[in-house]
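Participant: Chains as they are written, first to last, in this note's numbering: chain A, 52 to 776; chain B, 882 to 965; chain C, 89 to 315.
Treat the hints as calculated values from the structure; they're not laboratory data. Any given hint might turn out to be false.
What the hints assert, rightly or not - The calculated lysine-lysine pairs, modelled on DSS-like cross-linking and capped at a C-alpha distance of 25 Å, are:
no.: 1; chain 1: C; residue 1: Lys-200; chain 2: A; residue 2: Lys-479
no.: 2; chain 1: A; residue 1: Lys-488; chain 2: C; residue 2: Lys-200
no.: 3; chain 1: A; residue 1: Lys-768; chain 2: C; residue 2: Lys-200
no.: 4; chain 1: B; residue 1: Lys-910; chain 2: A; residue 2: Lys-190
no.: 5; chain 1: B; residue 1: Lys-910; chain 2: A; residue 2: Lys-377
no.: 6; chain 1: C; residue 1: Lys-152; chain 2: B; residue 2: Lys-923
no.: 7; chain 1: A; residue 1: Lys-254; chain 2: B; residue 2: Lys-894
no.: 8; chain 1: C; residue 1: Lys-152; chain 2: A; residue 2: Lys-377
no.: 9; chain 1: A; residue 1: Lys-326; chain 2: A; residue 2: Lys-392
For reference, the chains in residue letters:
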Amino acid sequence: METLAQEIGIPEEEYREISKRLDREPNRVELFLFKVMWSEHCAYKNSRPLLKQLPKEGEAVLQGPGENAGVVRIGEGWAVAFKIESHNHPSAVEPFQGAATGVGGIIRDIMSMGARPIALLDSLRFGPLEDARSRYLLKGVVSGIAHYGNAIGVPTVGGDLYFHEGYRENPLVNAMCLGLLREEHLRRSRASLGRPIYYAGAKTGRDGIGGAAFASRELSEDKEEDRPAVQVGDPFLGKLLMEATLEAIEKDLVEGVQDMGAAGLTSSLSELAHKSGLGVELDLDRVPTRERDMGPIELLLSESQERMVLVPREGRERELEEVFKKWGLDCVPVAKTIPEKVFRVLFRGEVVAEVPTEALAEAPTYVRLGREDPEIRKLRETPLPPLAADPKEVLPRLLASPNLASREAVYERYDHQVGTRTALLPGKGDAAVLWVKGTHLGVAAKVDQNPRYSRLHPRLGAMHALAEACRNVSVVGAKPLAYTDGLNLGSPETPEGYFELQETIAGLREASEALGVPVVSGNVSLYNESGGRRIPPTAMVGVVGVLDIRRRAEMGFRRPGEVILLLGEEKGELGGSEVLYLLTGLEAGHPPRLDLERERRVQEAIRELIGLGLTRTAHDLAEGGLLVALAEMTFPYGLGATVEVRTPGLKALFGEAPSRILFTVAKENLKEATFRLEEMGLPYRVLGETGGNSLTVLTPEGVLEWGVEELRAAWQKPLREVLDG
Amino acid sequence: MPKYQATLLIELKEGILDPQGRAVEGVLKDLGHPVDSVRVGKVLEVVFPAETLLEAEEKAKAMGNLLANPVMEVFTLEALKELP
Amino acid sequence: MKWAIVRFPGSNCDEDARFALEKAGIRAAYVWHTERSLRGFDGVFLPGGFSYGDYLRAGALAAKSPVMEEVWRFAREGRPVIGVCNGFQVLTEAGILPGALLANLNLHFTCKEVGVRVERTDLPFTRLYQKGQVLRLPIAHAEGRYYADGETLARLEGEGLVVFRYAPLGGEKDYNPNGSLNDIAGITNERGNVLGMMPHPERAVDEVLGGTDGLPLFLGLVEEVAG
Numbered sequence: 052m053e054t055l056a057q058e059i060g061i062p063e064e065e066y067r068e069i070s071k072r073l074d075r076e077p078n079r080v081e082l083f084l085f086k087v088m089w090s091e092h093c094a095y096k097n098s099r100p101l102l103k104q105l106p107k108e109g110e111a112v113l114q115g116p117g118e119n120a121g122v123v124r125i126g127e128g129w130a131v132a133f134k135i136e137s138h139n140h141p142s143a144v145e146p147f148q149g150a151a152t153g154v155g156g157i158i159r160d161i162m163s164m165g166a167r168p169i170a171l172l173d174s175l176r177f178g179p180l181e182d183a184r185s186r187y188l189l190k191g192v193v194s195g196i197a198h199y200g201n202a203i204g205v206p207t208v209g210g211d212l213y214f215h216e217g218y219r220e221n222p223l224v225n226a227m228c229l230g231l232l233r234e235e236h237l238r239r240s241r242a243s244l245g246r247p248i249y250y251a252g253a254k255t256g257r258d259g260i261g262g263a264a265f266a267s268r269e270l271s272e273d274k275e276e277d278r279p280a281v282q283v284g285d286p287f288l289g290k291l292l293m294e295a296t297l298e299a300i301e302k303d304l305v306e307g308v309q310d311m312g313a314a315g316l317t318s319s320l321s322e323l324a325h326k327s328g329l330g331v332e333l334d335l336d337r338v339p340t341r342e343r344d345m346g347p348i349e350l351l352l353s354e355s356q357e358r359m360v361l362v363p364r365e366g367r368e369r370e371l372e373e374v375f376k377k378w379g380l381d382c383v384p385v386a387k388t389i390p391e392k393v394f395r396v397l398f399r400g401e402v403v404a405e406v407p408t409e410a411l412a413e414a415p416t417y418v419r420l421g422r423e424d425p426e427i428r429k430l431r432e433t434p435l436p437p438l439a440a441d442p443k444e445v446l447p448r449l450l451a452s453p454n455l456a457s458r459e460a461v462y463e464r465y466d467h468q469v470g471t472r473t474a475l476l477p478g479k480g481d482a483a484v485l486w487v488k489g490t491h492l493g494v495a496a497k498v499d500q501n502p503r504y505s506r507l508h509p510r511l512g513a514m515h516a517l518a519e520a521c522r523n524v525s526v527v528g529a530k531p532l533a534y535t536d537g538l539n540l541g542s543p544e545t546p547e548g549y550f551e552l553q554e555t556i557a558g559l560r561e562a563s564e565a566l567g568v569p570v571v572s573g574n575v576s577l578y579n580e581s582g583g584r585r586i587p588p589t590a591m592v593g594v595v596g597v598l599d600i601r602r603r604a605e606m607g608f609r610r611p612g613e614v615i616l617l618l619g620e621e622k623g624e625l626g627g628s629e630v631l632y633l634l635t636g637l638e639a640g641h642p643p644r645l646d647l648e649r650e651r652r653v654q655e656a657i658r659e660l661i662g663l664g665l666t667r668t669a670h671d672l673a674e675g676g677l678l679v680a681l682a683e684m685t686f687p688y689g690l691g692a693t694v695e696v697r698t699p700g701l702k703a704l705f706g707e708a709p710s711r712i713l714f715t716v717a718k719e720n721l722k723e724a725t726f727r728l729e730e731m732g733l734p735y736r737v738l739g740e741t742g743g744n745s746l747t748v749l750t751p752e753g754v755l756e757w758g759v760e761e762l763r764a765a766w767q768k769p770l771r772e773v774l775d776g
Numbered sequence: 882m883p884k885y886q887a888t889l890l891i892e893l894k895e896g897i898l899d900p901q902g903r904a905v906e907g908v909l910k911d912l913g914h915p916v917d918s919v920r921v922g923k924v925l926e927v928v929f930p931a932e933t934l935l936e937a938e939e940k941a942k943a944m945g946n947l948l949a950n951p952v953m954e955v956f957t958l959e960a961l962k963e964l965p
Numbered sequence: 089m090k091w092a093i094v095r096f097p098g099s100n101c102d103e104d105a106r107f108a109l110e111k112a113g114i115r116a117a118y119v120w121h122t123e124r125s126l127r128g129f130d131g132v133f134l135p136g137g138f139s140y141g142d143y144l145r146a147g148a149l150a151a152k153s154p155v156m157e158e159v160w161r162f163a164r165e166g167r168p169v170i171g172v173c174n175g176f177q178v179l180t181e182a183g184i185l186p187g188a189l190l191a192n193l194n195l196h197f198t199c200k201e202v203g204v205r206v207e208r209t210d211l212p213f214t215r216l217y218q219k220g221q222v223l224r225l226p227i228a229h230a231e232g233r234y235y236a237d238g239e240t241l242a243r244l245e246g247e248g249l250v251v252f253r254y255a256p257l258g259g260e261k262d263y264n265p266n267g268s269l270n271d272i273a274g275i276t277n278e279r280g281n282v283l284g285m286m287p288h289p290e291r292a293v294d295e296v297l298g299g300t301d302g303l304p305l306f307l308g309l310v311e312e313v314a315g
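Using the sequences and the hints, build the whole thing.
Facilitator: Shown next, in the form of structure tokens:
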């Protein structure tokens, strides 16, 4: 058995630990159970001790980390369940199905909580857009997301997308889903003693066997032989499963719900039992299959999609079966809870595995020694060359750089309105806004992360990610309530990789404490590296906030003659900036400093101005700095502006810095708006006025002017060319 | 150069889930046709020049390799004929 | 007045249709596709979505559902029938409306706001619009390119059965989003009681959602009975 353990990649010390916990050697089936349950993907062996440091408590929190998704209260008895999850490795192998099944998986997580999925956001990272393989992956992933999301009828309302050398070999595909529920419909992964456990949905095949373990390994060179059968998503069946599950919850037929995701039956049943403080006996002969002669290991490890685990309330079994029958789906008891805290598996009438649930669920954790990569430190401390360029040319070039260019060609592929809740369409605001129909409540969501900042300074990069996502949510008028984090990093087994993991989590903690926004769910994807090249540490932070739907702000200038103000200072930094990369090809320097206290107050201020109805147009300053942000505000309605910048140099025009927001007020409201800002002691400047069809900027060095349409054309071209071709 | 017509059949590999086939199967059953299973594939008819039948076969197979997604599909050269 | 919203397996704009009908003061109830009777309903709405996953052809499998015989009866008896997006595809696949909806010329699913010109205002669906008025309505489909053979197309135009046409919102040339023949976005039958259209009026019925140009279509259904 020890030889087999070695062959399937279980380290020697873990094999000894398994034998110790069982008080005997594991058999073949049991060994595979440990293999998948103790994979990084399922067990968080390296990240768990670090993740413990994150603040998880908050007034709005109904359910923190540890369930299928986190849940926050938003008022009037409504709550929102949300979570982000990675599907990086499957997407690298087969981008279309990888992305599609990633979307399907996160949707099932949300409905497991008793919530109706109402919105999807996607956080995507690829290698340079010039690279043919990156373009192939981008197209496949976008098509896969569209295929699944559009058909199942959950709108894709936002996300973020970056191209960076560091993702050339290891693209990232993370999907975030939000669901809406009444507080009383909240369900968890729980079962009481002696209850039958039902298997519902699609039949089991040999799809993605060992996928969870696969996800926790470096992509190997011999992809062809090495990979498991590709999982195919079926949004049609997914839709039926979603409706049937939600109907069962609404009719109060089930006490517990769990989705079947990574590591299939093994993970869903053993975790359900463990969380319930019970054991479970699974009879594999009852599992609906679509392929012949499946062995116990295949049945246990299959990652066939569109499957759920349901625990009926006592006496409601028949009704539950009826609901699923109406939707044309299998729904059969395959297991039952038992008092002995073991995961017992029967196959052809014999016990083929029996292990303590705790032994499976509580994998050993590792605390390692991290050390910063000296190369990264060198880059950060590189003195930056002086920048010289004609700003007139820089702006259109910046707008056409792949990281800043219009995402319209992407989001046009997604149905972003199905469900009639989308109050702020993609491209219209800094965050998506969903309306809770029948109320004045709105839910805002945004996912953010900047790979350049994070690569140069993992801790500060993570802080920026959370601060920016909160800022974007605030800029539409919503109060951030909580976040979900999708941590994507390299191998923790190198000191440099572990350091980046440590620093990323430390940064999230710092920002989370200062901004008062706790984490409620998340996902960790490690080993994103090939040939010793790690991806930039990538903490994709998805923030959810709540607002009064009647008081929301868009980003586009709408009415001529409004005053444009800058909340924050007219200064930017060049370290890690897009303009530095554009003009010198360098990704170096110290990323912009972040004063979290200032950040918190700036966000409060803009929420107050929106809440008072003083502004309906606001936009965060991000990559590309002041002029890029202004140009972006002219695009939605084609309305121009004239502004004055007093500080000389490219730094003021294109440099980057957090805690800054552009907004407009009607002239009659200027006094009150500025009075409020002075009262809060926040710096601001009146920059100019909206109007016309050009963007005119008066600088100490002269007047700059661009036609809005000319800038828009440059901004739209790059992704249109790739995706429409 | 003579023209050949190749008929390429692209199917999902055995064991790969075929949602389309499954949905069609369900409807056929609902409408009273007792069927055991349905798999949906694609048929491509490609007309191209080649000197000999042997060369045409090589070319057709090369195209099949190109057009089928090896991760999840297989192709069969169903027919190959010289066009008059 | 009470409308049936037919739910096929895979319909996903059923909730949107209900929202719009109720907003106009019409009672609406979901009807599962296996129902064989629509007695007690004044109209029937076939919502958008991906019935049967759009597998085989969009709308093809749903067109064979048991409920479609009743939809046929409604069409013949002159009762109002609306099919939006996938619902329009189902109506053409069932032969209740002529023509077919093919893959968009760009071969992609496309979701955006388009201009839609009202060509007829003598129908219950359009009585509250002005003739020639250009509405802002969202589209969200991959197979929306209206196609019919020359003869059918000539008949549609000759008898004035084109109800909605894609049109520029602000002078743009590429206003036809999918390559539909004659810019056709929606058609009716000879009797004028069946409407099929690709754009989604039910998604444009509230300021919060960014537009209300679809609301008069639903309000028009109420007025007819009142009048």
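Participant: With reference to the structure, classify each hint as holding or not holding.
Facilitator: Do the hints match the structure? See the list:
no.: 1; hint: C/Lys-200 with A/Lys-479; verdict: holds, 12 Å
no.: 2; hint: A/Lys-488 with C/Lys-200; verdict: holds, 22 Å
no.: 3; hint: A/Lys-768 with C/Lys-200; verdict: holds, 18 Å
no.: 4; hint: B/Lys-910 with A/Lys-190; verdict: violated, 36 Å
no.: 5; hint: B/Lys-910 with A/Lys-377; verdict: holds, 15 Å
no.: 6; hint: C/Lys-152 with B/Lys-923; verdict: holds, 23 Å
no.: 7; hint: A/Lys-254 with B/Lys-894; verdict: holds, 17 Å
no.: 8; hint: C/Lys-152 with A/Lys-377; verdict: holds, 18 Å
no.: 9; hint: A/Lys-326 with A/Lys-392; verdict: holds, 11 Å
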